[in-house]
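As given, the protein sequences belong to chains A and B, one line each in that order. Heads up: the first sequence is residues 1 to 418, going by this note's numbering. Heads up: the second sequence is residues 1 to 418, going by this note's numbering.
The hints are simulated quantities; they were obtained by calculation from the structure and are not laboratory data. Don't take every hint at face value.
Identical chains share a label here; the pair holds if one copy fits it or two copies do between them.
Lysine to any residue pairs mimicking SDA-like chemistry, simulated, CA-CA at most 25 Å apart [claimed, not checked]:
1. Lys349 - Ser115
2. Lys28 - Ile88
3. Lys28 - Val345
4. Lys338 - Thr386
5. Lys338 - Ser15
6. Lys86 - Ala59
Keep in mind that this is a model prediction, so the values were computed, not measured.
Listed here are the chains, written in short residue letters.
Number of protein chains: 2
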Amino acid sequence: MALIVHKYGGTSMGSVERIRNVAQRVAKWHRAGHRLVVVPSAMSGETNRLIGLARELQAQPDPRELDMIASTGEQVSVGLLAIALKAIGVDAVSYAGWQVPIRTDDAFTKARIASIDDARVRADLEAGRVVIVTGFQGVDPAGHITTLGRGGSDTSAVAVAAAMGAEECLIYTDVDGVYTTDPRIVPEARRLARITFEEMLEMASLGSKVLQIRSVEFAGKYKVRTRVLSSLTPPDIPLAEEMASGTLITFEEAQTMEQAVISGIAFARDEAKITVMNVPDRPGVAYQILGPVAEANVDVDMIIQNQSVNGMTDFSFTVSRAEYQKALDVLGGSVRPKLGAGDIVGDPKIAKVSVVGIGMRSHVGIASRMFRTLSEEGINIQMISTSEIKISVVIEDKYLELAVRALHKAFDLEQPVG
Amino acid sequence: MALIVHKYGGTSMGSVERIRNVAQRVAKWHRAGHRLVVVPSAMSGETNRLIGLARELQAQPDPRELDMIASTGEQVSVGLLAIALKAIGVDAVSYAGWQVPIRTDDAFTKARIASIDDARVRADLEAGRVVIVTGFQGVDPAGHITTLGRGGSDTSAVAVAAAMGAEECLIYTDVDGVYTTDPRIVPEARRLARITFEEMLEMASLGSKVLQIRSVEFAGKYKVRTRVLSSLTPPDIPLAEEMASGTLITFEEAQTMEQAVISGIAFARDEAKITVMNVPDRPGVAYQILGPVAEANVDVDMIIQNQSVNGMTDFSFTVSRAEYQKALDVLGGSVRPKLGAGDIVGDPKIAKVSVVGIGMRSHVGIASRMFRTLSEEGINIQMISTSEIKISVVIEDKYLELAVRALHKAFDLEQPVG
C-alpha cells in the first residue's frame, strides 16, 4: 500500500486528549494498510514557553543554545504520540531529527535541510511500525541540534515525504483547507478543493497562514503531492471522506474542469509603506536603499519603482508595521545623504489586498475589474504591484475588510466552480 | 588549574532567577582559573510533569519512548544555563548525553553508563569554555536515548568526573551536606565535615536521601573525590569558604583526627515486614521465596533468616509499605504451596533505624549500647541485621522519632569531633 506522511500542528497535539485523537486517526490509516510516517509539532504553547525562558535570561540568546532548548518540544510530542499509538495496539517508534538523521546546515534557528537518510525509517516501516519523526529540527555537520525556524514542522513533513518518495503528504491543521479568502471576513468564503502550487505560494506569502511558505516551496521543488486537511473531523471518519475534504495542492492546471479565473483574495494587515522621493535614476540605487534595510534584518515585502522623470524617480517598499520605525531610522541615518535623495515619507497604516489566480494568465480584464470594484467602494489605491498570477494593491488599512468582501463578491468566489 | 565537575539539582535550576544564581557560582569558579564541567538536573517538577503526560496516555508506557520524553528536561536545563553564563560574559556550550557521547547499555529508564568519550568536552575546556552536559541520560549502542533512572544526574556528574580525571566533583543540593541524622527530627544534628565512602553508602541506602546511591557506588569504584554542598549559599561566597562547607566523601579513614565511632543515625519510614513461617531449611528456599517477589518488581530491603530448629526456619524481609500488598499477593498465590511453608505474617507499620560508622569495626559494645538505649525508651526491637559498619533494627513505626533522638544522644553525635 501507499507510503503516506502525516503532519499534525501544535493545536492538534495540544493535550493528552487531542494526542489520543491523533493516534486514532493515524491508526485508521495504518490499519487500512498504509505505511505511515508522522511528523507532529510541539504541544501548542510549548515552544513559546521554552523560548520565553531563554529570553528571560538574555534578550538575544545564543542561537545554538536556543535550538538546544526549542527542539525539545517536538521530542516530547513524538514520544507521547508513540505511547498513544502503542496504547491502542499500533506498534510505533519515535525519532529525533538527529536520529533519522535529518541533516541541515548550521544556520541555527533558521537551518535548511540538506539531506535525509531514510534507511532507519524504512526498516521500521517494513517491520510494520508507524514511524514518528520530530518536525522543526535536524542536526548539522558537527553534530549540533538545529531548528528550521517557526512553522518548520510543515517543511520537515514535506521534506520527509520528498526524501522517501511518499505518495502524499497530509498536513492536518486547525483549518480544513485553503479558502477563497478569510471566512472571518467573508462568511461566504469557500474552501478550494484544489489549488495550484503557484497559487498556494502567492496565497501563503500574502498572509493566508495555512502552510509555512518554505514547505510550499519544498513541495514545489520536489513535486510532493500535499494536502491540507482538518484535524478537527472525527478521527474515525472514513478514509475516502477524509481525502475528499481539505485542499489538494497540485502541480498541473486542471484539465477536465473549468478553472476559476481567480482562486482567492489574500491580504496582509499591519503593513507600512516607505517612499524615498527624488532618487537619482542610476544603476545600484535600489541596492543602496534596500541593502542597509536588509542588513538591519527588516523584511521587505512589495517593492515598487516607477518610470523616472527627468532622471529622478520615487522608490517605494512595504515592511511589516512592527519594523516601520527601524526601517525609517536606517534610511534617515546614513542612506539618504549618500544617495542624494529627497524626502523620505511613510505611512504605517496601510494594508495589502491581492487577487490570486493562475487563470488570470489567460484572462484579460482582471485588473480592471479589481480596480473598478475598489473604486465603486470609494477605496483609494495607493500602490499597485503585479505578478503573472496575482495583483496586489496597497490601501488605507481601515478599508481592508470592505475591500476583501467587495472583491470576493466581484469575482464570484462564493459560487462553486461549475 | 584544576578540572572540577559541578552538579546542580532540580531545585537549584527551578526558576530563571535560580539559574542565574547557578551561573554566577559557576562563573566565580571559572574566573578563579578552574576548568568547569557542569551537570544540571531538569528544572524541578519538569521530569514528573513529562512522565505524568506519558502515563495519562498509557499506565505502563514503553520505556524507550519514556526516555525520549523524560530526557528533554535536562536538555532544556543545559541550554538555559549556557545562555545564563553567556549573559554574564562566560563562554559556555551545552551538550546532550548523545552528543558527548555518554554511552550506556539499552536498559531504558534504568540504563548503566558504559563509557564516556571526553574528547569533545576536553577540546571546549581547552578553548576556555565552560561545558554543560545533560545529567540523567546517555545513548545506547543503537543510537537510542536512554535515562539512568531517578536521581541519575548525580551519577552522570560522578561518571563525568571519573572519566575526565577531575580533581573533585561538587554536588550542589538544597541541603548543605550530610548530617548525623535528619535535623527535622533531631535539631542538634550536626553536619559531618567528612564521611567515608562506605559510611556514605550505608547512609544513602538507608534513607538519607542526599545522594543517589548509584552515584556513591560510582564515586567509590573510581575514587572520585566528591563533595556535597549547599546551593543556597550566596553565589559569590569566597571559594575557600565554599569549600569548607558541605561534606567531603573520602576514601581513607582519617589519620590525623580522632574518628567518631558512629557517624550518624539513618532511618527509613514507610517500611513493611513479611515473614514466611516454618520454611523447610533446604538449599534454594531463599530464592524460591524472593525470586517471584523480585519478578513482580518489588524491591526487598532487609533479609533475615535465623538458625533453623528441627529443620524448619522463619524467613523475613522488609519492603516499602507501598509494595506490601503486592508482595503478600505474590507469596500467597503460588509460592507458599510450592514451598510447603506455614503461615505468612506481616506488619505494614514498621520503621528501620540504623547506626552507621566505620569506627565500629574496631569498637566493641556499639550494638549493646544501641540495644540498651532503645530498651530504656521502652522500644521493642522486632528484627536485627548488621554489616561491618552498621547495625539496623526494625521497630514499630510510631517510635521512629523517639528512637532516632535517643540514639543520636546516646552516641554523642551532637558533639563536634575533637
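Hint check:
1. When the C-alpha separation of Lys349 and Ser115 is checked against a cutoff of 25 Å, the pair qualifies neither within a copy, at 43 Å, nor between copies, at 61 Å.
2. In this assembly of identical chains, Lys28 and Ile88 lie within 25 Å of each other by CA distance solely inside one copy; the values are 11 Å within and 52 Å between copies.
3. Within a single copy, Lys28 and Val345 get their C-alpha atoms no closer than 58 Å, and across copies no closer than 51 Å, so neither meets the 25 Å cut-off.
4. For the identical chains of this complex, Lys338 and Thr386 are neighbours neither inside a copy (31 Å) nor across copies (88 Å), given an alpha-carbon limit of 25 Å.
5. Taking the shortest Cα distances, Lys338 and Ser15 never come within 25 Å of each other, neither inside one copy (55 Å) nor across copies (49 Å).
6. Taking the closest pair of Cα atoms, Lys86 and Ala59 come within 25 Å of each other only across two copies (11 Å); inside a single copy the shortest separation is 41 Å, beyond that limit.
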